[in-house]
Amino acid sequence: MTINVSRRGFLKATAAGTTALLVGLNAKGVLAAGTSAAVATGLNPFVEIDADGTVTVIIKHFEMGQGTTTGLTTLVAEELDADWDAVQIEFAPSDNNRYANLFFHAQGTGGSTSIANSFMQYREAGAAARDLLIRAAAQKWDVDASTITVENGMLSSGGNSGHFGEFVAIAATLEAFEKPAVKTPNQFKLIGSEKLHRKDNTGKTNGTAMFAMDVNLPGMIYAAIIRSPKFGGTVVSFDDADAKEIGGFIAAQVLPNKAGVVAFGKNTWAAFQARDALSVEWDFSVAETRSTDAMIADHKAMLDSPQFDANHEVPLASVAPVLANATKTIDAEFTFPFLAHAPLEPENCTIEPTENGVRVHDGCQFPTFTQPMVAAVLELDPSQVEVKTLYAGGSFGRRANATSDYNTEAAMAFAVSGGKVPVKLVWSREDDIKGGYYRPMSAHRAKIGLDADGKIIGWDHRLAIKSIVKGTPFAGMVQNDIDPTSAEGVAESLYNVPNFGIGLSDFQTPVPINWWRSVGHTHTGFVMETLMDMVATETGQDPIEMRLAMLDGGTANQARMIEAIKHVREISGWKKGDKRGFASHFSFNTCVAVVADVTVDGTTVKVNKLFMGVECGVAVNPDVIRAQMEGGAGFALSAIYRNQITLSDGEVYQYNFPDYDLLRNHEMPEVEVVIVRSNNAPTGVGEPGVPPTGPAVANAIFAQTGTRIMDLPMSKAGFDFM
Amino acid sequence: MQYQLKINGESRTVDAEPGTPLLWILRDELQLTGTKFGCGVAYCGACTVHVDGYPTRSCQTFVEDATEAEITTIEGATDKVAQAVQAAWREKDVVQCGWCQSGQIMSAIGLLTENPSPTDEDIKDYMDGNACRCVTYVRINEAIKLASQKLEA
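Protein chains in written order, with this note's numbering: chain W, 1 to 722; chain V, 1 to 153.
What the hints contain is simulated information worked out from the structure, not anything from laboratory work.
Some clues are possibly wrong.
[Claimed, not checked] Below are the SDA-like pairs computed for lysine to any residue, each with C-alpha atoms no more than 20 Å apart in a straight line:
(1) Lys150(V) - Thr705(W)
(2) Lys609(W) - Lys124(V)
(3) Lys124(V) - Lys576(W)
(4) Lys470(W) - Thr403(W)
(5) Lys455(W) - Asn499(W)
(6) Lys195(W) - Leu146(V)
(7) Lys576(W) - Lys470(W)
(8) Lys124(V) - His666(W)
(9) Lys124(V) - Glu672(W)
(10) Lys145(V) - Glu670(W)
(11) Lys195(W) - Ala86(W)
(12) Lys150(V) - His197(W)
(13) Lys609(W) - Glu142(V)
(14) Lys266(W) - Glu121(V)
(15) Lys145(V) - Lys258(W)
(16) Lys606(W) - Gly718(W)
(17) Lys124(V) - Pro658(W)
(18) Lys606(W) - Asp122(V)
(19) Lys195(W) - Ala287(W)
(20) Lys266(W) - Lys124(V)
(21) Lys230(W) - Pro510(W)
(22) Lys609(W) - Glu121(V)
(23) Lys244(W) - Lys145(V)
(24) Lys124(V) - Glu667(W)
(25) Lys28(W) - Phe103(W)
(26) Lys258(W) - Ala287(W)
(27) Lys606(W) - Arg642(W)
Take these sequences, add in the hints, and give me the full structure.
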């Protein structure tokens, strides 16, 4: 199996003059087929079959490790009855009309939507291609189409047989069905199979997979940028006298937006060295100058008088009279730090001049934004900007931001370099850790009222957090002043809670923030599931039984969550009075329930094992789902144990992995995942493993020590982890 | 300055400033981009190569200190142990984003070359310097066990 991430497929077929069968959406957005010539008239292929029988699936989502290349390929190969091992992949070009995420109406990857929005689209493309090949073979062999069987990339009927490629010339002349029949679940061979291996396995184990930072172009120069040490600062002047002493230094220039100074070098090392040798005078008049403690205090102050009602059915003001009648109340306050995404491949982008514009080489998560934003910097039409998507060395949300920050930086660097040679902008790890676009810090305060029977009668919930989407191109998501990514997970909780008021305040800071794997659920999941554990403890209920009772409302998602919980209860052997921790959370339309087995020795915590139950609809690639649960859990542990970005007089204290240390091999617990068998449409798996893991561990620590952890990371409470 | 390096069995001549980390010679000058940059301070292991057979952080190895050594990168990792490790990595579907995996594999080859039958604790100790942001450790450790079995068979 080879992976080809170039535009080899239909472009090569065009150049060679051979016929390839392309199946995808035509200019009207309906399923159609044609030869490579049809690309010019608006056909956007999802699958290409060459005359030699090679099947190539065109992947409209980028691959950051979440398994999209494997997933979308599975959908096509299933319906096509292709030979799995021989199917190749290719990333789609930037083309918003043709390769949009059906949930966003824009080309982009995020919100754990890749499989969910592609599930029928890619299957129908595969089914249409299969149908065309069958009709072509019927014509060629002069047999009835119903006599033809398809298996492993071969068609056969009676004594006739041949590979896909032998029929593409005829197939490309036929009309595709707009709504081809797709398989029923009992006919699936690849969807749900435990035997498929990842499509990116080979290239990522022998060093040949091409990531954006691996781009080498003739004449290319390298760029590194010194940015304001305080967020929002701008350049007044700079001195490059010391940089001129660095071998390989080319030049230094202020960026057009004054956000930094770019140093150019003959290689990455020279650019880094020269950048470090620059001295810059900054204007901090509008910059963030607060320290973390002051910012936490400012968040908490906002909890006293929330700006917006995030549950407009229950105004916050209506809850206080209810709580006045409570027999008992549970009061709790939580704080969460800024977090860096720290993808292991630091941010980077190469911009190359082309005949009529530029080519952007990037592990590009949102071509829909990158293309026009780079165009705007370079005063080009978006059509003059080609985005070439390569593998991304992780993202966790970092590469999807509304400003396409590092793409536009690269465009500015390219512009001030003169725009004649390719420019590769590389961020160091220090640039990444100190560079913002963090998971926003936040504070929550809750008052839960219980009656004499221990039933919840009202819930006053307040949170303060900087909005991710307000003031960005994503602002359309805001409804009634509420940024849904701020309160998601508290708002629209699956639990039946009467008189549940939610007050939200938008914190303001020049610190740039961004979605971070599971977005609002990173903090709301922790808060909700810790509070649920507190209610269970206060009322003497089993934490699982209590949740099952509170999910007894008959909605489809409540029923799914109940299944996930029951499955994890079974595999973990959970019993009443269990000293382990439990949490469950619904995010990205997926239900995940976690039991954490933890040992605490003094202040040293060891997470021994995590049991995870997941209901994500049809499990397209079960092993990828397990991998995402394992990875999501580990990602959460790193954050809750010790990760935090703190500011001192507006400057980030942390600099690199020594003080923003990722979870290490010896710290990773055993993970056992149970996937609920389901015929529901598939839902996300990249993010939903994160939210319930932290509170499951925190609840286990409480079960063993009686200590509630409400200020993250847990290291602040004096715990260390092994 | 000109330096002579021996990389993957071939003699290579490069022009570089003294003090340039081997990592950037490999990536920028020789287009051996399988070796990755993760932190630059020898704290993540993404840049791991073999220097005279030992896993070494190329981001903290100066070019002038590498001229006498046999350097092996992921592109040149082809011996029996390397093949067993790579095959096990594919069988266990270890990779996610993949950026750390060249370094993980170079460390795993080092481990199994030194200790063909490592215990779980041996694996965790040896591999602790290789960080994976996608957190593929469960599978890394399973793959090393599998590779060990393949080599013993």
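Hints not upheld, ascending by number: 1, 3, 7, 14, 15, 19, 20 and 23
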